[in-house]
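Top to bottom, those sequences are chains A and B.
Just so you know, we're using the working numbering here: the first sequence kicks off at 127 and counts up by one.
Just so you know, we're using the working numbering here: the second sequence kicks off at 1258 and counts up by one.
No wet-lab data here; the hints were simulated from the structure.
Given the structure is predicted, the values throughout are model-derived calculations rather than measurements.
Quick reminder that beta carbons are idealized off the backbone N, C-alpha and C, glycines included.
Accuracy of the hints is not assured; some may be wrong.
[As the list claims (entries may be wrong)] The list that follows gives simulated cross-link-like pairs (lysine to any residue, SDA-like), each with its CA atoms no further than 20 Å apart:
id	chain 1	residue 1	chain 2	residue 2
1	B	Lys-1576	A	Ala-456
2	B	Lys-1576	A	Glu-465
3	A	Lys-196	B	Ile-1525
4	B	Lys-1365	B	Gly-1271
5	B	Lys-1590	A	Arg-390
6	A	Lys-196	B	Ala-1594
7	B	Lys-1365	B	Ile-1262
8	B	Lys-1576	A	Glu-454
[What the hints assert, rightly or not] Simulated coverage check for chain A against chain B, where a stretch passes if three residues somewhere in it have a Cβ under 8 Å from a Cβ of chain B:
id	stretch
9	451 to 460
10	468 to 474
11	477 to 487
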Amino acid sequence: MGRAFKLVLSIDRFLLLLIAVVVGASLLPVRGVAAGWVDLAADLAIALLFFLHGAKLSRAAIVQGIGNLKLHALVLASTYVLFPLLGLALVALLHGWGNPLLLSGLLFLTLLPSTVQSSIAFTAIARGNVAAAVCSASLSNLLGIFLTPLLVALFMQVDGKGAVSSWHSIWTIAVQLLLPFVAGHLLRPVIGGFVDRNKKILQPVDRGSILLVVYSAFSAAVVNGIWTQVNVADLAGLLGLSAVLLAAVMGVNVLTARLAGLSREDFIVLLFCGSKKSLASGVPMAGALFAPAHVGLIVLPLMIFHQLQLFVCAALAGRFRSVAEARETATAIPRTEAEIAAAAKAVGVQIPEECLPGVTTNLALLDRHAATLRGTPQ
Amino acid sequence: MKQAIDIAADVRAGRVTASAIVEACLEALGRDDLVAVTRILADRARAEAAAVDAQIAAGRDPGPLAGVPYGVKDLFDVAGLPTTAGSTLYADAAPARTDAEAIRRLRKAGAVLVATLNMDEFAYGFATINAAYGTTRNPHDPARLAGGSSGGSAAVVAAGLLPFALGSDTNGSIRVPASLTGVYGIKATHDALPMAGVFPFAASFDDVGPFTVSVADMRLVWDVLSGTTAEPTDQPLRIALLGGRFRENADPDQLAAMAAIAPDAPVIELPDIARARSAAFVITAYEGGQLHRAALAEQAMAFDPQVRDRLIAGALLPKALYDEAQAFRAAFKQRIAALIAPYDVLLAPATPCVAPLIADPRITIDGALSLARADLGIHSQPISFLGLPSLAMPLARPGRLPLGLQAIGRAGTERTLFRFAAMLEEQGMVGVSAPAGVLQGSMA
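Just chain B, same shape as in the assembly (with noise of 0.2 Å):
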C-alpha cells in the first residue's frame, strides 16, 4: 500500500503531481462501497493541490507532507462546512469559519484535505453504525463491523483509499477501529494534539489522532500535528506485559504474539481495572449528557435513537456521582503511574476479538455475550482513563482477519512508542496487511 513518506517524496522531487495524486484519489473514493465517506471535498482539494504544485514550480518547499491526500472524522471542523459529528441534528449548522487546528498544521505542511469521513453519531460507540449515514463497513470483510467511532477514517486507510486519516480516541474510538481493520492508530498523551477546532465528546477523555499504514507514516504525520521533532534514545527498552482482564479477554492469536515479542518481559496486572472501566463509561456518559443536554431537552427525537437512549441517560446523572468517578480517577493516576514507572512499553490486547458480523454485532466479554458498540473498547478505555499514549499495531497476519495490539507508554512517550513498533514492523511481527478481494484504492 503507498505510504504517505513516498507520496510526499514522489510530490517534492517532481516525479509526479499534487494534483495528479488528488485526482487519482478522488476518483477512488467516489466508489467507496464501505459507506466510509460521508462528504468528499473536491473543489478544496484540488486547490490545495494546485497550491502544493505552485510552490514546486517556484521553488519552493511545500512541506513533509506536500500532495498527500487524507480525510478527516466527521467532527473536526472544515472551513465552509457545517461539523456534523455524524448528525443530522447538525447538518444544517452555520459552517466552520476556520480549520480545526489539526487540519490547519497539516495544509501548511502540505497535506491536501480530500474528504470527511464516517463515525458513530457524537462519537458515542465503538461500531460506526450511524443511523443517517449508514455502517462502515471492514474492507477485510464487508459483512463485519469496521469498529467505532472513528471507523469511516479506519476503513478508508486499510482498503488503501487513503495513506492516512485523522480521527478521535474518548475511549478507543481510534484504537479500536485500527485494530479491526488492521491499520496503526495512535492516541495520544491526553491533551498532547491540538483538540481546537474539534466537536467534543467527553472533554477529560478526548484526543485526536492519525491512522497510517506503517510506521514510518506515523512518525511523519504526528511530527506534523505535534510541531516537536525530538528523537528518542536507542536505550533498550523494558516491556512487560498487561495481565488480568487484558489476558482474559483475548483473542489466543493476540497472548501468542505478545508471548513471541516479549517472552521474557513480566506480566504485571493493572489493580481495579474494572473499577477503572466503570468510573470511565460514568464520566463519559456525564460529560456527554452535560454537552448535549440542550439539544436533548428541545429535538430529542432528531438524534441518532441509540446515541440519544445513551445520552439521556448520561444527562440524568448527578453530578455527585460524576465527582466521585472524578476522585478515583486522580487518585488511580497517581497509582498507576508509580506503577508502570520502571517501563517504558506495556504491551496488551488493543481489542479483545477480531471484527464482529454487522448482522449480529455482539461480541464476548468475562464469559458473556455483550453490544459491541458499548464493549469493543473494554482494553482502551482504561488506558484512555489513564491519559497515557497509546499506539495501536496491526498483527502481520495477512489473508486473516485483522487483529492489534496497543503498545502503552509512560506520558509523553509517543516516540518511544514509535521505535518499538518499527523493531516489530521490521522483524515481521506488526504491519499491515492489504484486504484481500475488496475494493483497492488508487494508493494501494
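In isolation and in its complexed conformation, chain A is listed as follows (with noise of 0.2 Å):
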C-alpha cells in the first residue's frame, strides 16, 4: 500500500492532472453551449501564452530562432516525409487485417501538420527553444494547409468537397497565436522586465492551456461516441499503433538530433514539433476531405494519437524539465550581492568593496555568455 502510494506521488503531478481531465472529459464531456465556451477559455489561454512568450523572449532569440534553417528542416523533414513514410509502411504491413477505415484514418494522421499551442508549451515547460518552436510550428501549420490535402490526394481515396477553408486556418494562426506573441514582444520594454523576473507565472499558463485544450478536445471526442464507434480492441489496437507510430518517429529523431549535432534546447524543438498531428486542423480537414459518414472513423486514430502524444510529450517535458533545472541549478551564475558574496564565500575569496561593481558586470556578461552557448541569448 504504501509502495503505491510512493509510487503516484512520484508520477509528474500535470500528467496526474491530464488523467483527471481525460477521465472528467469521459465523464463530463463538455457540450452545446458550454462547450464554446471551454474553447472560447482555450483560445484565450493560448492567447495569453504566446503573449507571455513573445514579451519574455529577447529580438536576438527570435532572430535566432527564425534562422534556425536546419532545425525548421528536420521539422517539416518529420512531418511531412518521416510520418507519410511510417504510415504508407504500416498501412501496407497491415492490410486486410482490420478496419479500412480506421487504416485510412492512421494513414490520414501521418499527413498531417504539427500542432502549434501544444507543441511550444510542451517546449517551453522542457525548457528548450520556444523562439525556434514557435517558428517552427507555426511553419509547419502554416505549410500543412496546402500540403496535407496534397499528399491525401497523393495517397488516399478522397471521396470529400476537397476544399479546406485554408484562409480560417491561417487567420487562426495569426489572431490566436502570432498577433498576441507580436504584441507580447512589442510590450517587452514594458513588461519584460516584469515578465523576466516572474518566469513563474509562464508555468501554470503554459500547462492550464494544454490542459484547456485536452479537456476540449476530448469533450468533443466523447460527444462524438468515440467510446460507442468501436469496440475495446479496435481502440488497443489503435493505441498500441500509435505507440509504436510515436515510437518510431521520437526514435528517428533523437537519432537525427545526434547526428545533426543539436543543442538541448534545439533537440526538444524537433522532438516536439516533429512528433506531434494536429486535431485542431486534422478534423476540419477530414471533414472537407471525406465523405461524412467515415469521417468518425476516419479521425479517430488521430484523437486516440492525440491523446497519447499529449500524455507522452507531457511526461518528457516534465523529465526534461527536471534535467533543465538540477543542471540551471549546479550552472547558474551568480548575479545578485547576496549570490556574489556567497559563491566568494564558498571559494575561499573576499571581494573587496571598490571591486564588486566590476565584478557583479563581469558576472552579467558571463551570464549572457553562458545563454548564448545554451543557444538561448538574452
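Fit chain to chain and form the complex, with the hints in mind.
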C-alpha cells in the first residue's frame, strides 16, 4: 500500500492532472453552449501563453529562432516525410487485417501538420528553444494547409468536397498565436522586466492551456461517440499502433538530432514539433476531404494518437524540465549581491568593496555568454 | 625592414658580428617610446652574441638564427629573472631557474635574447593596457592601441626594433596585435609549440608563437621552435572564405582583399560561431579564475583593476558551467573538422577593424559599441576554441593603418599556411609596411 502511494506521488503532477482531465471529459464532457465557452477559454489561454512568450523572448533569440533553418528543415522533414513514410509502411503491413477506414485514418493522421499550441507549450515546459519552436510549429501548420490535402490526394482515396478552409486556418494562427506573440514582444520594453523577474507565472499558463485544449478535444471526441463507434479491441489496437508510430518518429528524431549535432534546446524542439499531429487542423480537414459518414472513424486514430502524444510529451517535458532545472541550479552564475557573496565565500575569496561593481558587471557579461552558449541569447 | 634570415646570413658569412648587431639593437631599444619594452637584457644579450661570434671564429655553425636578436613577452621564463606575466604581483617573485623551452631552442639556434616585452596583465585582454607598465603604442600611430595581449612583442617587430619576437595566444593575443600593427603572427595548432616555462592563462587554449616581418622569417623561426623541417607538397590549395559573423564584422578593405585573393572560393559558414565564442569566454574565465584564485584570496588589490574584476568573476563561475562549455567544445570540434575537411586554407579577417584610439578604446561589434580589450578577438577566439593553426597576415597597404587577414588551416598544417602566405606576399597582396614618421629601429 505504501509503495503504491509512493508510486503515485512519484508520477509528475501534471500527468496526474492530464489523466484527471481525460477521466473528467469522459464522465462529464462539455457540450453545447458550454463547449463554446471552454473553447473560448482555451483560445484565450493560448493567446495569453503566446503574449507572455513574446514578452519574455529577446529580439536576438527571435532572430536566431527564425534563422535556425536546419532545425526547421528537420521538423518539416519529420512531419511531412518521415511520418507519411511510416504511415504508408504501417498501412501496407496491416492491409486486410483491420477496419479499412481505421487504417485510412491512421494514414491520414501521418499526413497532417504539427500542432502549434501544445508543441510550443511543451517546449517551454521542457526548457527548450521556444523561439525556434514558435517558428517551426507555425511554419509546419501553415504549410500543412497546402501540403496535407496534396499528400492526401497522392496517397488516399478522397471522396469529400476537397475544400479546406485555408484562410480560416491562416486567420486562426495569425490572430490567436502570432498577433499576441508580436504584441507581447512589442510591449517587452514595458513588461519584459516584470516577466523576466516572474518567470514562474508562465508555468500555470503553459500547463493550463494544455489542460484546457485536452478537455475541449476529448469532450468533443466523447460527444462524437469515441467510446461507441469501436470496440475495445479496436481501441487497444489503435493505441498500440499509435505507440509504435510515436516511438518510431521520436526514435528517428533522437538519432537525427545527434547526427545533426543539435543543441539540447533545439533537440527538444525537433522532438516535440516533429512528433505531433494536429487535431485542430485534422478534424476540419477530414470533414472537407472525406465523406461525412466516414469522417468519424477516419479521425478516430487521430484522436487516440493525439491523446497519446499529449501524455507522452507531458511525461517527457516534465522529465526534461527536472533535468534542466537541476542543470540550471548547478550552472547558475551568481548575479545578486547575496549570491556573489555566497559564491565568493564558497571559493575562499573575499571581494573588496571597490571590486564589487566590476565583478558584478563581469558576471553579467558571463551570464549573457552562458545564455548564448545554451542557444538562448538574452 | 631587416629580416632575421638576412641578419643570420650576414652573421654566418662573417659580414657582420653578432655583437655589433646586438649593440645597435640595444641602443635602439633604449629609445623605445612605444611602451613596448619592460626589461632590456643587455648583459645576457652581449654574452649570447659573444658566444655566437666565438663559434664562428672557431669555424663552428652557430645555427640558423645566428646573431638574430629577439624579445619575448613578459610571461616566458628567463633564467635569473622573475616571470612577471605583466603583473607587479610577481615583480619580486623568485627568479626562474631555467629558460622556457622555446627560448632554449632559439638560443641553441643562435638567436640572441635582448628584451622582455609588455602585455596585458596575465594576458587577459586584447589591448595591452597595463596599469603597472603602461599602454603599448601602435608604431603606425602612437595615439592608437597596438592590440594585445602580446602588444609589446608586436610593436617592437612592427617598429623594426627587433626582427622577431615571441608572444602567446590564448584567444587571439598574437593575431590581434599582429593585425593592428601590420606584421605576421602565428597561433599554432594547440600544443604544437613548447609551453614549458610559459606562465599560463587558460590551459585549454594557450599557445606560444612568433611575430615576424616576412613569411621566410616565419618559416625559419617555426623550424627552430617546432624542431621540424618538412615541406608540404605543391598541390593546388583549396581555399574557402569564412562567412557569417566573420563577414558581418569586417572592414570593407578586408572583404575586398579576400575577394581579390580567392575570387572563386566558396563562402562557408561555421555553424554556432556565437555559441563557440561564448563557450570560449566561459572556459577562459573559469580557467583564469581558478589559476589565480589563491592570489586573489590573499592580495586582490595588487592586481590590475580591470583584470582583477574579470578574474574574480571567473573564479566564481560554477564548475558545471565550465563542463558544459567543454562538452560543447568537444562536439563542436568534431563538426567543424568534418566541415572544413575539403579545404586547405580558410580565409577570414584577423580583427574586425583597424587599431582603436587609446583615448577611446571601443569598437563596433554587431552594430553596437563595445570595449576593445574584450572584443577585438571576435574572429580569433572561435579559431583558438577549435585548436586550429591560424596565421595573421598584414594586408599590403603602405601609408594606411594596418589591417590583417588570418589564414586558418586544419590541425598540423602550418606549413601549408606559410606556402599560401608566401604566394600572396609574392603577389604583393600581403606584406609588412614600415611605419612612417615614427620611431624606426636599427633593424629597419
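So, going through the hints one by one against the coordinates:
{"no.": "1", "hint": "B:Lys-1576 with A:Ala-456", "result": "holds (8 Å)"}
{"no.": "2", "hint": "B:Lys-1576 with A:Glu-465", "result": "holds (16 Å)"}
{"no.": "3", "hint": "A:Lys-196 with B:Ile-1525", "result": "holds (15 Å)"}
{"no.": "4", "hint": "B:Lys-1365 with B:Gly-1271", "result": "holds (19 Å)"}
{"no.": "5", "hint": "B:Lys-1590 with A:Arg-390", "result": "holds (17 Å)"}
{"no.": "6", "hint": "A:Lys-196 with B:Ala-1594", "result": "holds (19 Å)"}
{"no.": "7", "hint": "B:Lys-1365 with B:Ile-1262", "result": "holds (16 Å)"}
{"no.": "8", "hint": "B:Lys-1576 with A:Glu-454", "result": "holds (12 Å)"}
{"no.": "9", "hint": "451 to 460", "result": "holds (count 6)"}
{"no.": "10", "hint": "468 to 474", "result": "holds (count 4)"}
{"no.": "11", "hint": "477 to 487", "result": "holds (count 6)"}
In this structure, every one of the numbered hints holds.
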